[in-house]
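Student: Chain by chain, the residues:
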Amino acid sequence: MMKRMLLPLLAAALLVGCADEEFRTTDIEEIMPSLEFALTDGDGEPARAEDYRGKTTLVYFGYTQCPDVCPLTLARFASIFNELSEAERDDVQMLLISVDPERDTPEVLKRYTGAFGPEFTGLTGDKEEIDALTNRYRIAYSFEEPNERGDYIVNHSSAVFAFNAEGQPRFLVRDPHSNQDVLADLRQVIAEG
Amino acid sequence: MLNALSNARRHVMPTLLGAAILLGAVNAQASDVSVSNARLSLLPGNTPGAGYFDIENGSESAITLTGADSEAFEAIELHESMEHDGMAHMHGVESVEIGPGETFSFAPRGHHLMFMDRLAPLTEGDEVEVTLDIDGEPLPVTFDVVSPASL
Ligand SMILES: [Cu+2]
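Heads up: the sequence lines are chains A and B, in that order. Plus 466 on top of the position in the first sequence (first one is 1) and you've got this note's numbering. Plus 119 on top of the position in the second sequence (first one is 1) and you've got this note's numbering.
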């Protein structure tokens with residue numbers, strides 16, 4: 467009698483412990499679609515989501531002419547990656563997807579992301595390809611009027627999306643989430659394999 | 120000295136003397152304004168940089184920062200970043216007023232100087248001379264070029 471009741475309980479507890487440990491940041495497992503895109507990489511070559519499977523993948527939508535929030539966000543993740551073991555680091559990558567393809571050519575993006583470390587890759591595309599992606603993840607971006615020198619500001623999502631090695635959505639990071647919480651969630655997804 | 124001028128300014132303002140004393144007061148204030156922790160966050164390539172610093176107004180009246188200039192950049196603008204409903208916004212700011220005795224921080228994810236189109240190559244560890252415009256008075260400040268990773 468006892469045995470019969472305990473076993474399923476134990477199994478359930480194990481399941482919860484392994485597959486469904488709660489994230490400290492925002493859980494998006496049920497609310498976001500898997501990672502799919504068709505873009506262009508820093509060498510001007512086609513880049514498809516399938517090419518980026520096999521590693522825990524963080525996705526951020528930004529642009530290189532952004533001097534404050536974008537580099538701070540990428541630098542923040544570079545410092546979080548620094549906390550990982552070498553083995554964990556091999557299993558993580560961060561994609562900066564440009565919402566300003568006009569100015570963010572593959573060369574510009576490659577130079578920009580290269581400054582943050584080998585885990586960082588910049589992707590761009592034409593407007594339809596980028597819109598397909600921003601619509602998929604329900605994020606917005608908008609352009610301000612250019613100034614007299616032709617410079618313009620792009621307002622964009624500040625969120626960072628995390629996907630597991632199979633491209634399944636896992637968690638979302640916002641500015642107020644602490645680095646410690648992000649690190650814990652990142653390790654959890656890397657450990658999924 | 121400054122105290123006396125400020126008091127005078129408050130009381131004598133409506134008289135003809137006011138204008139002359141006001142001018143004197145502004146000049147006296149420039150030396151009571153100090154800037155510290157001036158950093159210029161830059162990346163390789165020609166992407167814009169962000170300038171951060173703390174400005175302390177040690178004078179007895181409000182001061183207004185209206186702009187900045189440097190021979191190392193084509194243009195410098197005053198900007199502010201903000202977050203609203205998960206969106207990162209940035210917009211230009213005409214001026215920033217700093218009250219008497221107050222310190223105002225240009226800091227990551229908030230107010231910053233936006234340095235556009237560098238005219239000479241710059242790398243981490245370099246110094247850049249910048250002139251802040253405070254009530255029409257130039258205030259020279261040296262910015263250290265840093266990587267955004269150090270902020
Ligand atoms: Cu700016």
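Since the hints were derived computationally from the structure, they do not count as laboratory data. Mixed in with the good hints, there may be bad ones.
Said to hold, decoys possible - From chain B, some residues computed to sit far from chain A (all C-beta separations above 10 Å): (1) Val154; (2) Ala157; (3) Glu193; (4) Asp245.
As the list claims (entries may be wrong) - If you want a taste of the chain B side facing chain A, the calculated C-beta under 7 Å gives, among others: (5) Asp151; (6) Pro163; (7) Gly177; (8) Met201; (9) Met206; (10) Pro227.
Even for Gly, the Cβ is constructed at its ideal location relative to N, Cα and C.
Student: State for each hint whether it applies.
Tutor: Comparing the hints with the structure gives:
At roughly 19 Å, the least C-beta separation between Val154(B) and chain A is larger than 10 Å, which holds for a residue marked as non-interface. No Cβ of chain A comes within 10 Å of the Cβ of Ala157(B); the nearest lies about 15 Å off, and the non-interface call holds. In this structure Glu193(B) is not separated from chain A by more than 10 Å, as the shortest Cβ-Cβ distance comes to only about 8 Å. With a closest Cβ-Cβ approach of about 16 Å to chain A, Asp245(B) is found to remain outside the 10 Å limit, as its non-interface label requires.
Because the closest C-beta pair between Asp151(B) and chain A is about 29 Å apart, greater than 7 Å, the hint is violated. Annotation: Pro163(B) was flagged as interfacial toward chain A, and the flag holds, the nearest CB pair being 5 Å apart, inside 7 Å. Against a cut-off of 7 Å between C-beta atoms, the interface hint on Gly177(B) is violated, since the closest Cβ of chain A lies about 28 Å away. Nearest Cβ of chain A to the Cβ of Met201(B): about 9 Å, over the 7 Å cut. The hint is violated.
Because the smallest distance between the Cβ of Met206(B) and any Cβ of chain A comes to about 6 Å, under 7 Å, the interface hint for this residue holds. For Pro227(B), the interface hint holds, the least distance from its beta-carbon to any beta-carbon of chain A being 5 Å, beneath 7 Å.
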